[in-house]
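Enquirer: The primary structure of each chain is shown beneath.
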Amino acid sequence: MALDDVYTEVLGEHSRNPDHKHHLACATCTMKGHNPSCGDEITLELNVEDGMVKEAAFTGVGCAISQASTDIMAELIRGKSVEEARGLAQKFISMIKGEITDEEELEELDEALALKNVAHMPARVKCAVLAWHTLDDALKSDK
Amino acid sequence: MALDDVYTEVLGEHSRNPDHKHHLACATCTMKGHNPSCGDEITLELNVEDGMVKEAAFTGVGCAISQASTDIMAELIRGKSVEEARGLAQKFISMIKGEITDEEELEELDEALALKNVAHMPARVKCAVLAWHTLDDALKSDK
Amino acid sequence: MADVQEFLKDFPLLNGEIDGKHIAYLDNGATTQKPHQVIQSICGYYGGCNANPHRGAYALSVKATDIYESARKRTAQFIKAKRPAEIIFTKNATEALNLVAYSYGLQNVGAGDEIVISISEHHSNLVPWQFVAKAKGATLKYIYLEEDGNLSQEDIETKITERTKIVAVTQVSNVLGLKNDVKSIVKKAHSVGAVCVVDGSQSVAHMAVDVQDLDCDFFAFSGHKMLSPMGIGVLYGKYEILDAMEPFLRGGDMIEYVQEQESTWAELPSKFEAGTQNVGGAAGLTAAIDYLEGITFDRIEAIEKDLVDYALPQLRELPYIELYGCDSKQDNKTGIIAFNIKDVHPHDVATILDNDGVAVRAGHHCAQPLHRYLQQNASCRASFYLYNTREDIDRWIAALKKVRGVLGYGA
Amino acid sequence: MADVQEFLKDFPLLNGEIDGKHIAYLDNGATTQKPHQVIQSICGYYGGCNANPHRGAYALSVKATDIYESARKRTAQFIKAKRPAEIIFTKNATEALNLVAYSYGLQNVGAGDEIVISISEHHSNLVPWQFVAKAKGATLKYIYLEEDGNLSQEDIETKITERTKIVAVTQVSNVLGLKNDVKSIVKKAHSVGAVCVVDGSQSVAHMAVDVQDLDCDFFAFSGHKMLSPMGIGVLYGKYEILDAMEPFLRGGDMIEYVQEQESTWAELPSKFEAGTQNVGGAAGLTAAIDYLEGITFDRIEAIEKDLVDYALPQLRELPYIELYGCDSKQDNKTGIIAFNIKDVHPHDVATILDNDGVAVRAGHHCAQPLHRYLQQNASCRASFYLYNTREDIDRWIAALKKVRGVLGYGA
Ligand SMILES: Cc1ncc(COP(=O)(O)O)c(C=O)c1O
Ligand SMILES: Cc1ncc(COP(=O)(O)O)c(C=O)c1O
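In order, the protein sequence lines correspond to chains A, B, C and D. When you read off a place in the first sequence, starting at 1, and then add 18, the result is the number in the numbering used here. When you read off a place in the second sequence, starting at 1, and then add 18, the result is the number in the numbering used here. When you read off a place in the third sequence, starting at 1, and then add 1208, the result is the number in the numbering used here. When you read off a place in the fourth sequence, starting at 1, and then add 1208, the result is the number in the numbering used here.
One thing to keep in mind: the hints can contain errors.
Simulated crosslink set (DSBU-like; lysine-lysine; CA at most 35 angstroms straight-line) [what the hints assert, rightly or not]: (1) K39(B) - K50(B); (2) K39(B) - K1609(C); (3) K144(B) - K1281(C); (4) K144(A) - K39(A).
If we take Cβ atoms under 8 angstroms as the criterion, some of the chain C residues that face chain A in the derived model are [unchecked claim]: (5) V1212; (6) A1265; (7) E1464; (8) Y1465.
Simulated from the structure, these hints should not be mistaken for laboratory data. For every residue, glycine included, the Cβ atom is placed at its ideal position computed from N, Cα and C.
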């Protein structure tokens, strides 16, 4: 697999200049996620009202893959219902685990599709899924 | 090496019918010796007076090699001076370790020479030397 | 039953000669020989996949991690554990049992509590419990034996009480070769709220084991007694119990965060695997499990039973031979035969057999309390495995017949 | 210095390809590759000499015992121990250090006492001391660093006090690659009546070690970082100190007599070697020592120095690279280079290098407190060994130059 199948422009853009890396004044829920073995740590901040994810942002440190993945996720889940957001998290994790490969089925992941090839890099799977597991934890506990 | 180079008639005789396996009424010194890994245990009883080993006997359990070695030793050291007895112990141990092989030099070991070939059986060296180490301990502490 | 199994060719040591002799290797209770598939898996690992697992972001390290974690999955399947995370790799069964003693025992046993073990335990499932009992002011109680060598049912009923915190028992005695009904002992232990530790060192290579069916809380064994290399052992523990335990060895890879004064622990199974693990050993363990399951335990049990059935009547014909654990009233004899020859010390027996290339063990077999209980100072032990043949038995018995003569006794 | 050493041919993994690529293996701090002489010694053991040592009265078991005890003698010579009985085999350095923590630490440290370690310790020489300090109500104190990464001489002078019972320090830091003057630390420790534990994991494969000259009380290392197989490690301890210690793991082979309620212990070294030991690993360790001594440490040090001297000026030319431990004011740099690339996380660096077949490690290298002290979340580490070449360095640096570009940063 070529390196730029993983380190795509989309990934580079989101990791160098994340749109959603900041605190959220109106956060209704914050959740920490970490990969101790890598030293990656993120704090996800969500504004959830009436079963809708109104806003999402994050802070923390991590590699390009985990940072881009988090930023892309924050963008994607804004305006989605809690249920939809959790569905997306499931789908993303399945994609990275290589359990879903059908492009059509994955379509709704939108920009997150750019991370698809991390499935072929076992050592980096943890980086890609960190944010999405954290999201799932956050929404679970928000119920 | 043929088996009967070790299990000689001398050895068989001393192990089946040891002359000195009994208690000593007049013991001036008793010393225990053991090989925990084999379960061999002997108690050596000595009568030492005026720097002379007047009598020697033993009790305990063990394999044919250790029993015969002990019995032969008891016979050999009777009437020897403490110094001579310790010298014999040294010589015997050296023989079993394969450090002395010259027959002439070993001559004074007399019947104990029958155990010489144990030197070629690493697993049984401990059995052969048990009594002699115990003797050395006994005479050392008797001083 | 064919006398020589087709897979005997897989074992280089048994096909070669030691000091010019073919060996009738009858010390499988101590350790087993390795098929070339296992030896090859070790060489293959070092020759093509060696790296420190868990620690690298490069392909080779991922390969090593895969090999290591596949071994864990394979081991979990092998003993039917619910989850791979319930499999902790250790260096041997002894370390596995010590892990339980230190990390479970010291935390969960208090003054006045009781630990119950059997008199036929191997020192490795005995001395650690002496240690816990003494350290915590608890009492160590023994299940003794029936006439036929089986665990006393009465002792099982009466010694395991409301005060019992731990019951530790072997699935097969390494001296008497009798299979214990550990499932019912586990039940009894659970009925009083105790955990049950099963020592599988002498069972797991010889019969199918299902830890969920046994319902035991811990199960320990060594790879080297089941065709694997030395230096790899296994502790199985129920997830919730392992998860609640303190770590045992501390250091690299078992931590989550290390501050100067405090640390937090990694999840199972890493929490109990400090430092660089034996990946080559794990590769060998996988190959051994593949090998054994390829042959099937049905067949292995049949081979061992055939050897026992072939040997015992011949041994009983020799009036100067005393047998231990060979008259069980239950159908639970495995391929281990402990014996003594009248007037002859076991070490002499072993030496004389060795002269004919027959390898048996002599001594207390790490079971001094059992030998004392049997009023024997020591014994000889022949223990069989899948590659043994009737010819091995013939050679063993022929050599036995010489023993008394060599020492100058009549027959 | 020839660029490619003639012995490179001995290492099958380095001559083969992983996923179609030749590997520039620069993660020797984590584990080393094995020459075929070592691999062969393991296969040879299992193929022709395998038995349970210490336990058999037959020729094969004697052979196994010989191999095992020769490894001990060879190891004693290797680090210049006074007696073979001062060498205890463990599964890795981590177990060796835990042995000291449990069997020496818990017995000899009390409330109010102090344990002194350095901030650059590997977790395996750190977390065990947190455990002892907490268990006994003692204080764990840290020696911090000078500007250049070396241990603060002032801290050594002031933190080791009359209250100090144990000083534990690494001979070479596994991140900064700096050699500590452990001989003078041992002296300081002894001057206050403390024992000194030296972690030799990163030194013993790279320089001649003389434990009697160092006068350290304990010295721990792993075989796998010195060309040996995994699953074998070493604890050296002074005889009198080991002799006075309680056992650690309990079970087979470490006992003298086992009664139902009490046991007595075997003499050193058996007292600390419970259960069946890794004889195959010991055979590999002997082969590795033979191999290293055949090459000589003078030559190994020269090779590593050449690689460092070749790499460092090139690295310093890259403005976006930050180096750690590379400006020591002492002549004590070993073949370990820790670094970061501006804006890029170490894991991305390792992945990008891996794509070119260059294996370096990324993360905290089991040294979280050191990274926190350096105010780094993580780092990359390249670590060299005798088989590395200037070509490996070229490939590493060429790949490094690509990293920022891959992530869309300017150079
Ligand atoms: C300095 C140091 N100490 C201890 C260790 C632990 O060694 P092992 O993982 O082999 O137990 C290592 C290596 O990981 C090390 O680099
Ligand atoms: C019943 C039993 N338990 C425990 C052990 C200890 O196994 P290891 O020496 O591999 O730790 C053995 C074998 O020696 C055994 O037979």
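Enquirer: Please name the hints from earlier in the document that this structure breaks, with their numbers sorted from lowest to highest.
Expert: 3, 5
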